[in-house]
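A.B. asks: Here the protein sequences line up with chains E and G, keeping their order.
End of the first sequence = 176 in the numbering used here, gap-free, step of one.
End of the second sequence = 429 in the numbering used here, gap-free, step of one.
Hint data in this document are derived by calculation from the structure and do not stem from the laboratory.
A virtual CB, placed ideally from N, CA and C, is assigned to each residue, including glycine.
Wrong hints could be hidden among the right ones.
[To be verified] Which bits of chain G does chain E cover? Going by a derived footprint, with three or more residues having C-beta under 8 angstroms, they are:
no.: 1; stretch: 59-65
no.: 2; stretch: 105-111
no.: 3; stretch: 225-238
no.: 4; stretch: 355-364
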Amino acid sequence: MKSYKWMVWGALAVAALVIAAQSVDTARAEEAKILVVPEKAVLTPDLLKEPIQFKGTGFGPGEVVVVELIPPAGLKVKAVAEGENVGLAFATTDDKGAFDAKMSPVATLNWIFQVGWTPNMKPDFKEAKPLPPGSYQILATGMTSGKAAKATLELLKPPPKEEKK
Amino acid sequence: MRTRWIRWAVVVISAAFLSWGLFPGVSWAKEVAFLDLSDFTGPVAGLALPSSFGIEDYLKDVNAKGGIDGVKIKYIGVDTRYDVARALSAYKSYARDPSVVAMEIVSTPVGKMLQNLLRSAKFVCLVPGDGEFQAHIGNFWPWGPTYQDAFAATIDWVLADWKKKGQSGKPKIAVLSWDNAYGREMLRGGKEYAEKQGVEVLPSELFPPGSLNHDVYLTRLEKAGVNYIYVGGVDPTQTNVMRDASRLGLPKKIQFISDYWGPSALGISLHPEALEGMVVISYFLRGDEAQNHPLLKRLWTTYRNQPADKMNEGYGMGVGAAITLVGAIKDAIKRVGADKLTREEIYNSYQKVTGLSREGILGPCAYSPTSRRGSDVVKFYKVTGGKIVPITDWVKTPDAVSLHKW
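Next comes chain E alone, as it looks inside the complex (with noise of 0.2 angstroms):
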């Protein structure tokens, strides 16, 4: 009799260990990650040519994310309220809720170098307020499941300028 209820117990934690294992399995399926390539990124032009990325997973199928960063307490960010995100790219996930977003030059230019623009359409570096070096929060939400997730991106310097010899 003893040993038919050690039996009935063992069996009852066993089941209730696969269930819990299962709701993690499933809450990890379900989580919405995101990936900044580079997460470390040097504050120069060629940010252009090969523009930050963002990679996330875990968001509803087939909707639009948009990736944003989050401006820290006191930063003015041209053309942004205080408050107010800055949306820096964007994408449409897959079947399995993945996707894959570069950063536009427009977005680069705007967000990252805050330039101005000429009348002409052409970037005016003169007026470029680059975001200060430092670490950066970045938010991707799925405009449908509003499903969120969080990365850093950290800006640095640009390297100092070799002299001319």
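Model the placement of chain G on the given structure of chain E, informed by the hints.
C.D. replies: What follows is chain G alone, placed relative to chain E:
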């Protein structure tokens, strides 16, 4: 102590409910909002900013007079700097705010993304002039006639001009525009219309926005024997094209025609020689007609505090859009009451303002359950002696959208 506090709370809440019940007709301060995802400092700010000023000022004026049956309209302007990610991010911030009952965007790619997001929801989104939104009736409402309808009206003008000049044979026309969806849009239906009318459409010459020299494209078109060049882009593109064309001596043998976003009176005054002789098609008043229009002049001088001759005519385009918005809100209030101004009701009302007058700044409103065209008339202007002067009255735009296979 606690009992007394509860008693007071009950009294206050009851009084609030009672006053609500006693004065049901009294409208509490109500506000709806219009979201303008525009380009105030970015690459196409020259076009977008004056229009946004027009919307903002007309709404300010309506609010200053007490609103519409007590309902005030808040103008929310967001500078998207012609960036889709920024526009989507701003849209995300305001999408859940039910007071935002209509919006405007200035970029075609943003429209394409929003199309996916809005799906079956009903939400008025004003857009530039893509005929696609007339072909697939939904949430997107071009400000005026579609780009292809404007091109078709130009074909009618070209044929009349060709005849007037005593020319024989078929005139040849080509598009010279930005290399993007906008630059191709006018021929999606416009080409079919031209061919139907006996006008030969040569292959377009498309170039990256911001190009400063157009000699290659112009020379190729000249060699192809073009008679009319339809120039797209946002000014100063047209000014730069005309500068290059003048240097090559082309305006003497080819007639240049600008689409809607060509030079303003201010731009012409800066480059009168280069632009001399250019024809401009417009669905809103330009030149002196705009700057001396009583409503535009009053709004501009009151809210921008500048003389009328400093007004960019895009201002009138914005005022026209705001008149339509106010007309739709009035209709919705009349139909469902000020308490029920939802996005869907505003959407329904946009379909009911057919024929609404925009005080002659634009033609009468052409929105209806089957039309997303902001209007269906245009005027032709010509740069003459450094000024932009009308050469036609309002003329009806043909339906070129329906000629394209969508």
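A.B. asks: Output the numbers, in ascending order, of every earlier hint that fails for this structure.
C.D. replies: 4
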